[in-house]
Amino acid sequence: MATQKKVKKPGWKELPEGDLIIGGGTAFEFKTGDWRSRRPVFLKDKCIHCLTCWAYCPDSAIITADGKVVGYDYEHCKGCGICYHECPVKGKAIMMVSEKEAKAKEKK
Amino acid sequence: MANSNIVARTGNEAMAEAMRQINPDVVAAYPITPATEVVQIFAGYVADGLVDTEFVPVESEHSAMSACIGSSSAGGRTMTGTSSQGLALMAEMLYIAAGLRLPIIMADVNRALSSPINIHCDHSDTMMVRDSGWIQIFSENCQEAYDNMLQAVRIAEKARLPVMVTTDGFIISHGMERLEILSDADAKSFVGAYKPENYLLNFEKLITVGALDLQDYYFEHRRQLAEAMKTSKQVILDVAKEFGTKFGRTYGLFEQYKMDGAEIAIVAMGSTAGTAKVVIDGLRSKGLKAGLIKPRVFRPFPKEELADSLKGLKAVAVMDRSDAMNAQEGPLAVEVKAALFDASASSGANKTVLDYIYGLGGREIKPEDIEHVYNDLSEAAKGKAKQKVTYLGVRE
Ligand code: SF4
Ligand code: SF4
Numbered sequence: 001m002a003t004q005k006k007v008k009k010p011g012w013k014e015l016p017e018g019d020l021i022i023g024g025g026t027a028f029e030f031k032t033g034d035w036r037s038r039r040p041v042f043l044k045d046k047c048i049h050c051l052t053c054w055a056y057c058p059d060s061a062i063i064t065a066d067g068k069v070v071g072y073d074y075e076h077c078k079g080c081g082i083c084y085h086e087c088p089v090k091g092k093a094i095m096m097v098s099e100k101e102a103k104a105k106e107k108k
Numbered sequence: 109m110a111n112s113n114i115v116a117r118t119g120n121e122a123m124a125e126a127m128r129q130i131n132p133d134v135v136a137a138y139p140i141t142p143a144t145e146v147v148q149i150f151a152g153y154v155a156d157g158l159v160d161t162e163f164v165p166v167e168s169e170h171s172a173m174s175a176c177i178g179s180s181s182a183g184g185r186t187m188t189g190t191s192s193q194g195l196a197l198m199a200e201m202l203y204i205a206a207g208l209r210l211p212i213i214m215a216d217v218n219r220a221l222s223s224p225i226n227i228h229c230d231h232s233d234t235m236m237v238r239d240s241g242w243i244q245i246f247s248e249n250c251q252e253a254y255d256n257m258l259q260a261v262r263i264a265e266k267a268r269l270p271v272m273v274t275t276d277g278f279i280i281s282h283g284m285e286r287l288e289i290l291s292d293a294d295a296k297s298f299v300g301a302y303k304p305e306n307y308l309l310n311f312e313k314l315i316t317v318g319a320l321d322l323q324d325y326y327f328e329h330r331r332q333l334a335e336a337m338k339t340s341k342q343v344i345l346d347v348a349k350e351f352g353t354k355f356g357r358t359y360g361l362f363e364q365y366k367m368d369g370a371e372i373a374i375v376a377m378g379s380t381a382g383t384a385k386v387v388i389d390g391l392r393s394k395g396l397k398a399g400l401i402k403p404r405v406f407r408p409f410p411k412e413e414l415a416d417s418l419k420g421l422k423a424v425a426v427m428d429r430s431d432a433m434n435a436q437e438g439p440l441a442v443e444v445k446a447a448l449f450d451a452s453a454s455s456g457a458n459k460t461v462l463d464y465i466y467g468l469g470g471r472e473i474k475p476e477d478i479e480h481v482y483n484d485l486s487e488a489a490k491g492k493a494k495q496k497v498t499y500l501g502v503r504e
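Order-wise, the sequence lines are chains A and V. Here the first sequence stands for residues 1 to 108, numbered as in my numbering. Here the second sequence stands for residues 109 to 504, numbered as in my numbering.
With the rest of the complex left out, here is chain V (with noise of 0.2 Å):
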């Protein structure tokens, strides 16, 4: 194995010391809570020296993800972090980002939009940004939050796509843990050097970037995105296995914990799978069957491996750590039940799935509120369903 450091670090830090080691040719930011210290403590080593990179601090989200979306196509590895209301208002941009095919990556940390007013975690702000053409990549830890910025370059300009790292926001970006670093070395020569095939400032071969395209053209261009969003799983698990090979932690599309014989099972992402794997540990020391699904990329969502993944169980429970505001359910259970409609079509084996949302505004989500869903689980197992989509932790 490579050599590596272990040091103490926040998700923020741990993401900033990724993108240290990135060196990308343009940073352009706005800072917001939680996600302030990633460009912080980045601006620090722009002006200590540490990295070559030009950075541009600018007056809203919107402009930065502009400078971002003209960085990239004049030819520059380009990276930004947000958060919450922060990416809403690059959303307009971010699908720009998408359509021009632009490699830029992002550290977003997660944040419950207004309003109300609120400061800590959900998932709402990934979410309202699903459908924008952005790989999304969740993160359960520190360590996750490290090795998916440095591998988001690789599959990012390998896919020409951008790519959005997320954390939990205050969970993550604030909390300090172990963390296994890579020398600057094998940093840069596992994300390598950035060649792009066109780019602006290349006055050999000219182009035009992002022409009007009417009805004669948009929808090809449309199906060329839908096209690279699911011909870019590959291009993840590619990237995992080199990163998994060289420096021994893997990485797949989705973790399966504790799988092997489950019959019921939790599907969660970010810091609650971790959460989870604690409670599992326990339940199955006293004989209960209980596994994980932890969704790693939600964009492009891994429909046909997911749904062969939950294939044999008995009864599944999604944590959504958002609302969809559908009047129906959750936007993981919504797009788990598609993936396992569509199976369930060809095996015949329907199965109970229920939603939780949960966690919203950063409302703790605890060991016995996880234990609260297995237990859920085992009475649907048996048929005994209780309601299909609950609050949790929610006062009545």
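Isolated chain A, as found in the complex (with noise of 0.2 Å):
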């Protein structure tokens, strides 16, 4: 889960002159993944490595390696179900639970 750092932002003078943001990717510091209530839950014996997950998900917060799924970046993540829904296998391979529960299943 995303921590928000406490840093002291940065005053008027320090500032990229008219609302621009200097440097590219920087969507990646955004994290979203504190906005979500779900979460997909990676079934990998079900999946076919389609990657149809991968493209659609808004987030880019399907992790792979070598063309496969492998899991999914939950700092990005916002739980919107869209992989889930796109996924083509029968009975899906992919989970959508509780972010509460699977929190509370996490600290344990």
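It is worth saying that the hints were derived from the structure and are not from the lab. There could be a bad hint or two in this list.
[As the list claims (entries may be wrong)] From the structure, some residues in chain A lie toward chain V, with a derived Cβ separation under 10 Å:
#, residue
1, Trp12
2, Glu17
3, Gly18
4, Leu20
5, Ala65
6, Gly67
7, Ala104
Just so it is clear, CB atoms sit at the ideal spot from N, CA and C, and this is done for glycine as well.
Got two chains here, separate frames each, mind docking them using the hints?
Here it is, written out as structure tokens:
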């Protein structure tokens, strides 16, 4: 889960001028994972690695390795369930579970 | 002095001529009276291959300014032209252009705002967007419109603020005058090449433009904009100085006409200042110590400088070619008074300031009207001030 670091924000003299964000790929630093109320859980045995979920995920939160799905980036997954909805496997290779329960389990 | 040609041109032609010499990367515009000709003539230059500009004809002024914002963000030197309702339709995008610190240059031909619909001159369009973060430069005649356009490019790019150069609708835009134009080479070298620091088409240095900016950062960005407006004063002066040195025509934040030893003065912008000069010459020959202050830049407002130049006067009249509908007085008078208030706090010298709202919707302002104002001022200087706000030339 994303933790918000307490950093001193830049003052007006330090900010880049004109509502610009300098540098590419900065969206990666913006953690969307703390909005989530449900999370996808990967069912490895059912997955056919068609990568449909990867293509559809609006947050690029599906992690792949060697052309195969390996799991989710929970710092950016916002739990929209699109991956689950689009998964073509009968009975789905993704399970959506309650974030609250998943967290409680993580703590144990 | 550099080579120059003397020609006869209208204000719109003068502005289009400046645009031809500037040869911007992109012009996006939607025609509107009385500014139509500026981009119409320029479109001719594009069609004839006299410029390499990408001309983007759009379906509204809102789209025109949107396209300008896109092109300027991408890194292109960008210009447009509009007037009145067109400027009003651009208003939303004007704030965005300024907030993004894009050096877009606009020819704005001043015209009254509806309703009632009216195509003639007053300054209510420019005044309506006075707080949008655009530098606003007023021109007295065709020559100034031309010179201001060339300087606007340099000012915008150095200050990183959008700039609008205004002329009085029909009075300047369609009035033909003697104009000294620079050679293309001189104009080109004065304007120089545009080298933006950050732009979207720079794949070496990636940026995001216009991100969401809530309670966390919005305030800081607006503070930056306020500061940019303050520091742009020096930029305007520096560019004017270079222009004056090279081409012999000098400009400042405002012009002082016969202010040496003046006891009373009018503050007026645009073409009216020219009429006032004629009146002053007459009054001076009769021994009346009359002067004129002609603000060239309304944004940034030259507060300290203007207050200083009005210091020794007994009474001042502000000529407002628009009404702020604030149950107080016109927008220029409000600014002048605010400037004088702070100055009088330190000097202790309070003075009478009268405001004349005049010329709305193209109502003529004649030398006798201005003489009338100076007569009022003479009375006011003796402590016999008439009403503070006068609707000059309105039928009772
Ligand atoms: S739930 Fe939504 S955000 Fe999360 S991995 Fe699936 S598609 Fe991406
Ligand atoms: S859509 Fe389903 S089957 Fe296809 S890769 Fe994703 S989880 Fe696996």
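Here is how each hint holds up against the structure:
About 4 Å separates the beta-carbon of Trp12 of chain A from the nearest beta-carbon of chain V, less than 10 Å, and the hint is met. Restraint check, Glu17 of chain A versus chain V: the minimum CB separation of about 5 Å is within 10 Å; hint holds. Because the smallest distance between the Cβ of Gly18 of chain A and any Cβ of chain V comes to about 3 Å, under 10 Å, the interface hint for this residue holds. At about 5 Å, the closest approach between the beta carbon of Leu20 of chain A and any beta carbon in chain V falls short of 10 Å, and the interface hint on this residue holds.
With its C-beta approaching chain V no nearer than about 26 Å, Ala65 of chain A sits outside the 10 Å limit, and its interface hint is violated. Residue-level restraint check for Gly67 of chain A is violated (minimum Cβ-Cβ distance to chain V is 27 Å; threshold 10 Å). A least Cβ separation of about 31 Å between Ala104 of chain A and chain V goes past the 10 Å threshold, and the interface hint is therefore violated.
In summary, the numbered hints that this structure violates are 5, 6 and 7.
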